Amino acid sequence: MSTQNPATDPLDKGAAAHEHIDPVNPAAAHDAIPAVDPRLLVREEGLAGYVGEFKRKMKAGDLGSLPVVIGLIVIWSIFQGLNSNFLSPENLSNIAITMTGTGMIAIGIIFVLLLGEIDLSVGSVSGVSGAIVAVLAVTHGVNEWLAILAAIVGGALIGSIHGFFFAKVGAPAFAVTLSGLLFWLGAMLQILGSNGTINIDSDGVVGQLTTYFFSDVAVAYGLAALAVAGYFLAAFLDARRREAAGMPSRPLAEILLRTGLLALCTFGPAVLFNQYKGLPLAVVLFLLALVVTDFLLRRTTFGRNVFALGGSVEASRRAGINVTRIRITVFAISSTFAAIGGLFWASKIAAANQSAGAGDLLMNVIAAAVIGGTSLFGGRGRTWNALLGVMVIVSIQYGLALEGIATPIQYMITGAVLLATVVIDSVTRKTQKTAGRA
Amino acid sequence: MVHVSAAPVLALRGVSKRFGAVQALTDVELEIHSGEVVALVGDNGAGKSTLVKTIAGVHPIDEGVIEWEGRPVSIGKPHDAQNLGIATVYQDLALCDNIDVVGNLFLGRELKKFGVLDEVEMERRARELLTTLSIRIPSVRIPIASLSGGQRQTVAIARSMLGEPQLVILDEPTAALGVEQTAQVLDLVERLRERGHAVILISHNMADVKAVADKVAVLRLGRNNGVFNVADTSQEEIISAITGATDNAVTRRAARTSEAGK
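Protein chains in written order, with my numbering: chain A, 145 to 582; chain B, 18 to 279.
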């Protein structure tokens, strides 16, 4: 191997990353391959390096969140053009609060999508959760915290049952959760009983989930500052540790740039919320759920195993991963978040009623996950995708409602957006395959 | 086959395996020592893959004894084999396309610090391992999907080395690889031998076998059909044992060794 000319090494054609190896001195670059990450060679060149890296990613079909961000800007511009109230602090605050119900459920379904499976029961499960809380707390006068606990544990149990039939019995997830969709819808109607609608105490715990605002402006700014400082510290310490271990690390300039972007994305909304009633509690809880689940997926063995299963079940099994356990856990997580989302919905309409979890909720949840960039093919996505995706969905709903456009048109537009996203997902996947395996 | 020195790392004695009405393996014998590359050859359906799977714990054996370093052991599931120190690299690579090289190397045995993945330490060890094995890939942080077939195969083999196994089983590691990639994998096999690992190499390619193997064990229709020393056996002899052109390869070989002894 050592005798051959490195410049003609056929392996060099294999990987796209090789493009960045110094063309003037291929031999030196070649020798350095085991030690140096070629992608970092680019980044060290400063701004030009970033542009090059960005172009390479675009070519390779690694679009990341770019299509959603562009889509969101387009959607917001159109609706703002049609109605100048669209980007008002009040409307955006309402959008943010409405997002949380669908968003929480979307977090759960992203776990399932990462496995390359689907959970069709989340809408019905969210309805069951709302019904449990209403019946226990309102009808039977149980402590509201206990009722909430019961609803969430109930969600986890429901998911474990789905997981059992999928992972242990081997039934397709599609069929199991389709049965779940009908079964839990029936269960919800049964729990609600004959009167159909149970109103929730709007000053209670559940009632305040979506109506409480931190009116003190310091809360929003404080949390934003905390998030920015926390991110910077984590990134900085990680870079220091990698440097100490003699490995390529992010240059300080890049960390600062990323921190600056994050500051923009946190302080911007903070200013906005403070112009209306303050930071909504629901948004804080949603962001907390995103941070925790993102950590779970990317920094723990469990998360790594979820991604592995989405990549190749057989490879995971051979690597000694307990496939059944991971699958059951993932379905339990999905239904647990569906239950939590159900509480947010119940809070939003201040009641548990027979139409909870029905209609377009399931479609919106799946659309939010996919629009955000989670692949339907499994193994690709992050829970943060739920935030961007649900922002698009709810923005469209609110924008159309402001224009007085009827539900049928809303459905059609949301459907078209979902199709467009799936097309982007499929096309980028194809591009990635050709670029990645050139 | 008399090795007076150390006991073989792995020895199969009269191993049989049935699937329903099919007798996949009948009374198979096999011995592998440390620092030895044994090629397992045979026609399609000869039982090579089944034999490897019995050693790897995928299919438990029906009859016979598996000896590990001289004492009988039972290998009922893949974990048993891994605990003994047997690493298997399957024909279909068993890597996750969507996970990067470091993630794949440590899949199923992630390093943790306070319950959190220790990415820095994993990356450091991954680099160290790849450097030791002289494996060249563009970056340890790119997804497996971006690597060529040969690079993937070397990553898969490197992965098997993480647990410091005593026996490495390679199931057709050079099938579907180009000339250069094959050379890379064969180099790697030799490095495994130099480091004192025992290697079982399944291959259809006689050139590969002649290049790196010390011994060749031939299977035919689920039975032993001779064990040859690569150094003093011609390719034709091995092929005739594989195809069954020699009715009794064992006696033929015995005759040959007694000739050599004279």
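Be aware that a few hints might be false.
[To be verified] Below, simulated DSBU-like cross-link-like pairs (lysine-lysine); rule was C-alpha separation at most 35 angstroms, straight line:
1) 421/A x 312/A
2) 574/A x 227/B
3) 130/B x 94/B
4) 227/B x 94/B
5) 312/A x 227/B
6) 574/A x 199/A
7) 94/B x 492/A
8) 129/B x 94/B
9) 574/A x 312/A
Hint data in this document are derived by calculation from the structure and do not stem from the laboratory.
All values reported here derive from a predicted model rather than from experimental measurement.
Here is how each hint holds up against the structure:
1. 421/A x 312/A: Given that 35 angstroms is the threshold and the Cα spacing comes to 49 angstroms, the pair is violated.
2. 574/A x 227/B: Not satisfied, since the Cα-Cα distance of roughly 41 angstroms exceeds 35 angstroms.
3. 130/B x 94/B: It holds: about 29 angstroms lies between the C-alpha atoms, which stays within 35 angstroms.
4. 227/B x 94/B: The given pair, whose Cα atoms are some 32 angstroms apart, holds under the 35 angstroms limit.
5. 312/A x 227/B: 46 angstroms, violated
6. 574/A x 199/A: Holds - the C-alpha atoms of residue 199/A and residue 574/A are around 18 angstroms apart, at most 35 angstroms.
7. 94/B x 492/A: 52 angstroms, violated
8. 129/B x 94/B: OK: residue 129/B and residue 94/B at ~25 angstroms, within 35 angstroms.
9. 574/A x 312/A: It holds: about 33 angstroms lies between the C-alpha atoms, which stays within 35 angstroms.
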